[in-house]
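> All chains should be modelled from the sequences, with the hints used to inform the complete structure.
Here are the chains, one letter per residue:
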Amino acid sequence: MMRLYTAPVSSAARRVEIACRLKGLEFERVLIDLAEEKAAAAGYRQVNPQVKVPSLEDGAVRLTQSLAILEYLEEAYPAVALLPDDAVGRARVRALALVVACEMHPLQNSWVVLYLSQDFGIDATAGDDWQRHWIVAGLEAIEARLVGDAVTGVYCHGDRPTLADCCLAPQVWNALRYAVPMVPYPTTRRVYDACLARPEFAEVLG
Amino acid sequence: MKLYTYFRSSAAYRVRIALNLKGLDREDAYIHLREGAQRSADYLNLNPQGLLPTLVDGEVVAGQSLAILDYLEETYPEPPLLPGDAAGRARVRQLALIVGCDIHPLNNLKVLQYLGRELGLEATERNRWYHHWVNEGFTAIEALLRESAATGEFCHGDVPGLADVCLVPQVYNANRFEVDLAAYPTILRINQACLALDPFAQAAPDVQPDAE
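Residue numbers (my numbering), protein chains in the order written: chain A, 2 to 207; chain B, 16 to 227.
It should be emphasised that the hints constitute simulated quantities derived from the structure, not laboratory data. Every clue listed holds true.
The following residues of chain A were derived to be distant from chain B, with all beta-carbon distances above 10 Å:
#, residue
1, 30
2, 31
3, 111
4, 161
5, 185
6, 188
7, 198
Which bits of chain A does chain B cover? Going by a derived footprint, with three or more residues having C-beta under 8 Å, they are:
#, region
8, 51-62
9, 72-80
10, 83-94
11, 115-124
12, 127-140
Only some residues are given here: those of chain B computed to face chain A with a beta carbon under 7 Å:
#, residue
13, 63
14, 64
15, 77
16, 82
17, 90
18, 101
19, 155
20, 159
Glycine included, each C-beta is placed from N, C-alpha and C at the ideal position.
Okay, structure coming up:
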């Protein structure tokens, strides 16, 4: 059985969990205490040299980096497709996923804020502003890509969830947790709500 | 095929390399990032985020360099920049993504500007920030490269691939910001091997027609 290493509230790990559920894949969930593991000499570091989550073990294959895992799952378990067939559609879905994974999440995540606080003395208010700034910039970008595009359906792309939704939903969950108003992003909000209406998302995002 | 590029955009540099490796002809359109050309109405029409690069290939208008690289790989499969086996593909993507998600997004221009303008960080502090993320990412990449028999002349085996495509521009940036790379001999070796090849050399920022 596949083994997924995850941590509480890890946006990146949640992307993979959602994708596994959408594909109907069974997996063993291993919860990692990242702070403890970072301090440890070995252990989880053997699985993931960055000491981050998610990591996935599938037989002899060991993977890190959520987007690499998502692409692997798409190729290894194609029955429930999370990418459309056409090149234009695939580029669109991947670009949406990348707005989250390259422009929002890397900047707003907790260890970045911790680094700002510990190494540069940035206070909590400025840290919050920092997080919201990158989340808002990303939400604006996503809304611009979704709104008025005929290909946007119930979900980011058409009427079935794709990798874009797997990435977007945990990020919007974060945005809501940081009290980012979603009123300026109605299409994004609608897509998020549609995702949360599905058990594959609701079970992960609670 | 048309590529909207800026000589020093790391993301554009990745796509230039990939296009060269695949022997694809294209027209380059130069968008001057520091002069704000990416915010022109024309460019925003094409790429609403005003980011670089954008690739236009027939009806495909693709942004986000990693999505562009995936598009090129699927549409122009020869020569391949990903190996055939699942574990190999995952490994190459993992290496590329450490650069693409864990290093570069934290060090690009808009972030450095925010650090300076909003958080009042001085140049030396911004440099310290910059070095931190390079070191975090390169430490992981160096370990992954050094500890695997799958590493060859290049990141994965003996032909360049997606990992090299992403790594070389990141090394260029690290050098530009004077990060000490002595702790990453495998990265340096691979970087040199790549730069010895025309597809990489011809994509380098300093030899682009819009270089300053």
